[in-house]
Amino acid sequence: MRVEEISTWVEDARKAFASASDLDSLKAARLAHAGDKSPIALASRGLGSLSPEDKASFGKLIGDAKAAIADALAQATAILEAERDHKVLLEEVVDISLPVNRSHRGGLHPISIIKNEVSDFFIEQGFAVEEGPELESGWLNFDALNIPADHPARTMQDTFFIEPLESGMVLRTHTSPVQIRTMLTQQPPIYVVCPGRTFRADELDATHSPVFHQVEGLVIDKGITMAHLKGTLDNFARHMFGPDVTTRLRPSFFPFTEPSAEVDIYFNNRWIEWGGCGMVNPKVLATCGIDTDVYGGFAFGMGLERTLMVRHGITDMHDIVEGDLRFTRQFGVGL
Amino acid sequence: MRAPLSWLKEFVDIPASITPEQISDGLIRVGFEVEEIIKQGADLTGPLKFAKVLSIEEITEFKKPIRYVGLDCGEGETRFVICGATNFAVGDLVVAALPGAVLPGDFKIGARETYGKSSNGMICSARELGISDDHAGIMVFAQDEVTIGADAIEVLQINDVIFDIAVNPDRGYALSIRGVAREVAGSLNLNFTDPVDALRTLKFEEKGKGVTAKIGEKSSASVFYLRTLSNFDPSAKTPIWMRRRIEKMGMRSISLVVDVTNYVMLELGQPLHAFDKAKIKGGLTIKRAGTTQKFVTLDGVERTLDPNDLMVCDDEQPLALAGTMGGLSSEITETTTDIALEAVHFCEVCIAKNSRRHKLSSEASRRLERSVDPSLAEFASARFVQLLTAHSSAQHVATVVDGEPIYAPLVTIDPAYVSRILGFDVPAKQVAELLRAIGCDVDEKSFTIDPPSWRADLLTAADFTEEVARMIGFDKIPSVLPPRPLHATLTPTQKRRRAVATMLASRGFAEVQTFPFTNQSTIDSMGFVGERASTYKVANPMSEEFPLMRVHLVPGLIEVAQRNISRGAKDFAIFEMGSIFRSPQKLVPAISPDLSKRPDQQIIDEIFKSVPVQGYHVAGLLVGKIENENWQGKARSYNWQDAIAYAQDVLALCNLEWSVARSDLAPWHPGRCAELIVNGKAVAHAGELHPRIVAAYGLPERSVAFAVALNALPESELVRPTTVGTMPAAVQDVALIVDSAVSAGDLQAALREGAGNLLESITLFDRYDKIGDGKVSLAFTLVFRAPDRTLTGEEVSAMREAATAVAAAKFGAIVRTA
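Just so you know, the protein sequences line up as chains A and B, in that order.
If you want the numbering used here, it's the position in the first sequence, counting the first as 1, plus 5.
If you want the numbering used here, it's the position in the second sequence, counting the first as 1, plus 500.
The hints are all genuine.
Sample of chain A residues facing chain B (criterion: CB under 10 Å; computed from the structure):
id	residue
1	A149
2	T190
3	D239
Keep in mind that the hints were calculated from the coordinates and are not lab data.
On a predicted model such as this, the values are computed, not experimentally measured, just so you know.
Every residue gets a Cβ at the ideal spot worked out from N, C-alpha and C, and that includes glycine.
Using the sequences and the hints given, assemble the complete structure.
Take a look at the structure:
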């Protein structure tokens, strides 16, 4: 046994492993160069017959050589296994552009989405969300709001009345009765918004619907001014229409507020009527038992359909009320 | 309300440098929405001349009558034009557009050959000139009205700017040129002359006995002026300038007397009514209709009177529906020579009721129900006499007055209130100045305010605050956020509704919102009965087809489904969340407490209680296939299990526990409807729709639906979780044979009861109904786990046998062996 021979075995093994083109030929090379009958295995077995000095020196050489061969084998195996795996994965390639989702696409109604959005905005501002019945007492819908019977203001709103007429029950013409309910059941300070469905006997057309939605806000606190109303509306408008929107208050008339104003927004290069607002009429506060020497407040109200139509560029109310899936699905869940 | 600039200028010094747009902005700033600025004549260029008709040649060989007309346009020679109108004769004066003129619509007039003749211009109608919608024919004038060859654009005052203004109900005074002019002057800080000032000193000679005037019921009117005139020549014509102003206001010229009443109303805001004195028997009295049944108004309509209708009557019968419309029997006619002119300050509510009861909103009633300056009964009727006597032979005979004007009371306010409400400082002195600008007298020491006669709406400090803000400009109000509570949150109910909607939407349901109206035949076809079928009726529904309030959400969903199917949709799921209106509660008569203070708590509670409870439901409708069919293959159809599963998911989302029972409830299939019970109360129903309904509404076969009464769900309790065990689970399968009438739910409950408290879960994993004999095999996987130890085989077998023993005892279940 010679030292040179051992290094040749290592070299031969490395070459053979490196030239193996697949795992099968590597297996043959392994048997030839690292198997039981390989030169290095035979030499290893022959160590016993050597002198103690030779045993020690050749033993180390053979041990190193075996380690080198094993290392080369491991390397070659790793390379060939990776090649094989890669080939298998290539064969398993699919067309990931195929339509894969079979489930129906759902969505919230856009009015629900905008109602949630408005509610969330005001919740963040510290306002609670109050709701009330749609079939409502006429006293809460009109009288308590300083809209007496036979006042022209009552004819401003084409009311749906419920039989028998003596009951005075109506389908609420605005969400304002929720404000009255709130003032009759809670103590100031009051900070609430009231979103909800409302009714007026208007024919359904591109911009009107007999069934529609409003959101109203009511604040009753000490030292509340019209400047607070303006600030709240500015903030609300920016949230709904973006930071560049500007608002304008115009003197107007509502029986339940005095002073009263229309609120317009300048959006997409034109003035658009958005809603009504004003300082809560002291008569209304008195009816609700709120001490007008201590407390004052403001209220405002907008149509949700109108807000939605203006912001999203919707031109036909029919799309909002008909429930066509193709329309609603475009809004997702409002995220 | 319209307001021509030319008329406004009579009362406001408007410099030529101020544009119509600036006037419009000024009106908007003080609360008058300008809906349109009409620039009359802007699209019209002359020459437009008055011409006399010299000759008419009728040309008959065409389908319509054609005239070849010879005109004297003051040019020294006859001009011939073709004309299609026939409402004129030789000698009449007409308006001719000469070649070179351009009429509205970019209609260029030139000399041209037509109908075999050469036409050198056009005879015009008012409509063609863009000054009226009247297209009855061409405009015709009498000999003495206009001059041949004069410029018609100037004489007819065509070039003008007309503001179309929306007037709020509290500002009746602005339904007049006087009122609008005052607002223009106030907003733009211009000089204003009140036309009433010139009328205050007007006196007419009493030449005889006038028709008597009486207010029969003090509360129905405060002051009644009745002026009698005689010697009127009914052939008198309305001067062109007056006629044109009336037309610019959107009304029509009728006759001189009627035109003057309308002119004065438009100018000052006080409606007037002229009676033919010859038709009045005795004197005039304002009183209720009482037993009188019928009355014919001057529009020719016979109206059935309400006993409470306020009328102006003579000694025998009603002659006018007060403040609303005159009567046919006493109207001014072509033979009227003596006139009784009525000017009354009526009670606003009386006129509002008159108008509402007869669905008759007139120019008069619109003004009177919004309140008119009470001093105007005198001055407007004087203005009528002034104008009519100036433009006709009429003479004043006598003026009779009953009652006297009642003005708004003096009001004392704290001027600091204004700053406190507006949020910026307005010194008391400025408050006084601004209130004077709108016509108030202000004593600055006591701050006692005497509002002007035309402002019956100024009664409280808040009213004056609005006036001050209006005059300063709402744009001067600063923008400041109010102090606010630090925290608010949605209520558990609101959070729950939102979570349910979002869950359904993210699981393939599209939300819909339908009108909550229905009808009896829908209720009947759904099979609703008893309390579930009773509801409230709308007295004045949009459509007689849907007069009732809905009792359930599913019918609305079916309607939307039909619409979507008709538009091509096949497979989908939709849901709606909203109120339903079943009427177990009889409505009580309206409770209407006094408004000046908070009603007693008991009254408030009664009002709240008088409003019926309105259920709040969520319902879903699932039609067609559960998935979209595509290259991946076919999909199964929605079935009853899906509907029940979604209903259960709603309850699970709310963290509630429920049991399931079979139900037979409309509108579901009597054998395929589940009732979900929470705390002993049925809160949801789900399953297959009744096949009769599916067929009747053309839905795909076996469409399914669920409905959950969200308002009936209890609040979720605080979760107190059990510790999660880490010991290994022991799994046991059992298959039981039972009668097919035994429900899987009941059998599972029996197993659970027998298995004891170490049973962690139980799952039905197989159902086999082909064994015959009316039997069915149900196989369950039972998972046992102890919190503190590994269960032994003996323990597990014992628990399994205990479970099957209860199933055997309760339902005769036989354990199926392999």
